[in-house]
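Engineer: These are the residues of each chain, in order.
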Amino acid sequence: MSLRSRRVEGARTAKRGRSTFRMLFLVGAAALGFYLGLNLSEERKHRVKKLMFEAREMPFRLFV
Amino acid sequence: MSQYDYDVVIIGSGVGGLTCASLLSKEGLKVLVLEQSHRIGGCCSNYDHEGFQPDVGAIFVIAHELYYKLFELLDLRLEDYLDFRILDPVYDTILHDGTRVTLPQGVDEMAEVVNQISPQDVKGYYEYSADMDKLFKLTQAAISDPLPGLREVSKITNLMKMGLKKEVLPAIRPGLFLGTRMLDKAVNHYFKDDRIRLIFGWENLYAALPAHRCSALYANITYMGRIGNYYPRGGMIAIPKALGKIAEMFGGEVRFSSPVDRILVKNGRAQGVRLEDGSEISAKAVISNVHSRYTYEDLVGVEHLPYAVKRAVRNQPCSIPAPTLYMGLSEPLDSVRSHMSVILTDRRQFDDVWVEFYDKGLLYRPDDGAFLISCVSHSDPDLAPPGKQVLSAIYIAPYKLKYHQWDDIADEWAWECVDSMDKRAFPGLRSKVEWLDSVTPVELERRLRLPEGAFFGLEMSGGNMGPFRPNYRSRAVKGLYLAGQCTNPGGGVPLVMISGIATSSLLVNDWPRL
Ligand SMILES: Cc1cc2nc3c(=O)[nH]c(=O)nc-3n(C[C@H](O)[C@H](O)[C@H](O)COP(=O)(O)OP(=O)(O)OC[C@H]3O[C@@H](n4cnc5c(N)ncnc54)[C@H](O)[C@@H]3O)c2cc1C
Numbered sequence: 016m017s018l019r020s021r022r023v024e025g026a027r028t029a030k031r032g033r034s035t036f037r038m039l040f041l042v043g044a045a046a047l048g049f050y051l052g053l054n055l056s057e058e059r060k061h062r063v064k065k066l067m068f069e070a071r072e073m074p075f076r077l078f079v
Numbered sequence: 361m362s363q364y365d366y367d368v369v370i371i372g373s374g375v376g377g378l379t380c381a382s383l384l385s386k387e388g389l390k391v392l393v394l395e396q397s398h399r400i401g402g403c404c405s406n407y408d409h410e411g412f413q414p415d416v417g418a419i420f421v422i423a424h425e426l427y428y429k430l431f432e433l434l435d436l437r438l439e440d441y442l443d444f445r446i447l448d449p450v451y452d453t454i455l456h457d458g459t460r461v462t463l464p465q466g467v468d469e470m471a472e473v474v475n476q477i478s479p480q481d482v483k484g485y486y487e488y489s490a491d492m493d494k495l496f497k498l499t500q501a502a503i504s505d506p507l508p509g510l511r512e513v514s515k516i517t518n519l520m521k522m523g524l525k526k527e528v529l530p531a532i533r534p535g536l537f538l539g540t541r542m543l544d545k546a547v548n549h550y551f552k553d554d555r556i557r558l559i560f561g562w563e564n565l566y567a568a569l570p571a572h573r574c575s576a577l578y579a580n581i582t583y584m585g586r587i588g589n590y591y592p593r594g595g596m597i598a599i600p601k602a603l604g605k606i607a608e609m610f611g612g613e614v615r616f617s618s619p620v621d622r623i624l625v626k627n628g629r630a631q632g633v634r635l636e637d638g639s640e641i642s643a644k645a646v647i648s649n650v651h652s653r654y655t656y657e658d659l660v661g662v663e664h665l666p667y668a669v670k671r672a673v674r675n676q677p678c679s680i681p682a683p684t685l686y687m688g689l690s691e692p693l694d695s696v697r698s699h700m701s702v703i704l705t706d707r708r709q710f711d712d713v714w715v716e717f718y719d720k721g722l723l724y725r726p727d728d729g730a731f732l733i734s735c736v737s738h739s740d741p742d743l744a745p746p747g748k749q750v751l752s753a754i755y756i757a758p759y760k761l762k763y764h765q766w767d768d769i770a771d772e773w774a775w776e777c778v779d780s781m782d783k784r785a786f787p788g789l790r791s792k793v794e795w796l797d798s799v800t801p802v803e804l805e806r807r808l809r810l811p812e813g814a815f816f817g818l819e820m821s822g823g824n825m826g827p828f829r830p831n832y833r834s835r836a837v838k839g840l841y842l843a844g845q846c847t848n849p850g851g852g853v854p855l856v857m858i859s860g861i862a863t864s865s866l867l868v869n870d871w872p873r874l
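So the sequence lines, in the order shown, correspond to chains A and B. According to this note's numbering, the first sequence is numbered sequentially starting from 16. According to this note's numbering, the second sequence is numbered sequentially starting from 361.
Among the clues, some could well be false.
Here are some chain B residues the structure puts well away from chain A; computed CB gaps all over 10 Å [stated by the list, open to error]:
| hint | residue |
| --- | --- |
| 1 | Y407 |
| 2 | L426 |
| 3 | N518 |
| 4 | D719 |
| 5 | D742 |
| 6 | W795 |
| 7 | P827 |
| 8 | K838 |
Below, a list of computed lysine-lysine pairs in the DSBU-like style, where the Cα atoms sit at most 30 Å apart [claimed, not checked]:
| hint | chain 1 | residue 1 | chain 2 | residue 2 |
| --- | --- | --- | --- | --- |
| 9 | B | K720 | A | K30 |
| 10 | B | K762 | A | K65 |
| 11 | B | K783 | A | K64 |
| 12 | B | K720 | A | K60 |
| 13 | A | K64 | B | K626 |
| 14 | B | K760 | A | K30 |
| 15 | B | K670 | A | K64 |
| 16 | B | K670 | A | K65 |
| 17 | A | K64 | B | K760 |
| 18 | B | K783 | B | K760 |
| 19 | A | K60 | B | K783 |
| 20 | B | K670 | A | K60 |
| 21 | A | K65 | B | K783 |
| 22 | B | K670 | A | K30 |
| 23 | A | K60 | B | K762 |
Some chain B residues flagged as far from chain A (calculated, every beta-carbon gap over 10 Å) [said to hold, decoys possible]:
| hint | residue |
| --- | --- |
| 24 | G638 |
| 25 | V669 |
| 26 | V715 |
| 27 | S821 |
| 28 | F828 |
No lab work stands behind these hints: they were computed from the structure. Every residue gets a Cβ at the ideal spot worked out from N, C-alpha and C, and that includes glycine.
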């Protein structure tokens, strides 16, 4: 294998590694979020839902 | 001659609409106010049932200095139109454990009450008062200079001049402390005893938000009672009546029983209004003093709105409703000791009402709820027939009930509430009630055309204030302006006056280009 193709292969592996890591991180964060979400009291869940709703809607309010 | 019937048509005779009417008439514009009801004032008005005249909504004057500022802009003396009397005691407070205290007006007098209930909290009380005083002094300083004319009042240079005062420095620390916390946390910081915490914490009701979602800056409301709350002779309706009279004195017109059905919009521009009887009135500018959702969805019509505006007005949350019971009593109760009384539950239960009941659309047992009672005839005996008394009781309850329809249960619920107040604070109340009017959230919505019967129009939380609250000058329809509790700085009579001043100032500046 030429030096160039080995470098390309190396870069590809590193890229794959990085994207696997990113994927793992996202899955981990989602699992942690899900776990914390499950453990939240109903009241907290309600507050989080309300906050998320507000964050989604606030930008539209700037146009009224 | 103008091509329009009027320069400005104002929809609604709430305090916001009438502030605009008086200021703009004074500027020489031809102004018409259209009110759907036969009475002036909207939420700041009263009913009259055979001489019993309870207030519809607003029950006392807070921040009366701001009322004087409006009269200053009008070049008039407030005393010539309104007779404000101080409320002292501020509240008769009835706690869940039977403790009953009247809360006096002065700072030191209040310290004695705190000392009676929880001596360990006196130090925290003085710390609290010192912090509030710094903020109060800043607002006082900001409005101490004479206002420039209406045209200049909303200009950034004037606003900066108002804000740049030496009182800013001492106010920074308490301002930052309160501005970055919710009310429940701030109250816990100053006070240790749960009863004192509740006495200083329940007034989040006036922000129409639970304490855990209400900015700690509202802690100032309790302090304002120490500075002085007032009540006008003739009831709260005296305020809109005075503004209506001033508008008419400057050439404006106020028409009652004239519901507006539509704002006429042509080529993206407001051109006037159509009334429910089909008649049309043209105007160069339209000011809507009604709820923003109702203004845009029903009066303007969704066909004139871009997607973002349609979505924003549909999804912007209304503030909580303020259902109220009105009671005419055959004779006065001695146990009514103050213009305002408040019956509280324990602190946990008070919070639970929001979380366990309000959010879920459930009705609690009245014994588990709090009531804010006002007795207008205590301050002004003319507001009840001779030898009788009139009371109103505001409580927290959701607009939509999960298992009931308000109309089906209004009366039964009202009598249960009367029984609860009879048991907890006013023995003999039930037997003296000769008139009972149960105004549920849906009934308030019907009477005032106020979506969801919302106390302050829109929620007063961070995501619904400042740039996120509807603009004074509509961004969607040219020539359309909004004034009232759905705009900044929000609900409450003095705040609605500020909104009216800001809208009028913008409009007179826009006038040559309209
Ligand atoms: C129960 C309760 C207690 C309160 N307590 C206090 C208090 O103690 N102190 C305080 O400062 N504030 C208090 N407030 C808040 C204060 O009363 C309001 O924020 C303020 O009065 C709102 O004024 P506004 O100008 O926004 O409009 P509103 O008072 O809402 O007036 C709008 C007007 O528009 C009219 N209208 C509606 N639709 C139409 C139509 N299609 N055509 C023509 N007219 C129409 C309505 O009839 C109404 O008269 C209280 C409110 C409530 C409900």
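Engineer: For a quick check of understanding: which of the numbered hints are violated here, in increasing order?
Structural biologist: 4, 7, 9, 11, 13, 14, 19, 21, 22, 25, 26, 27 and 28
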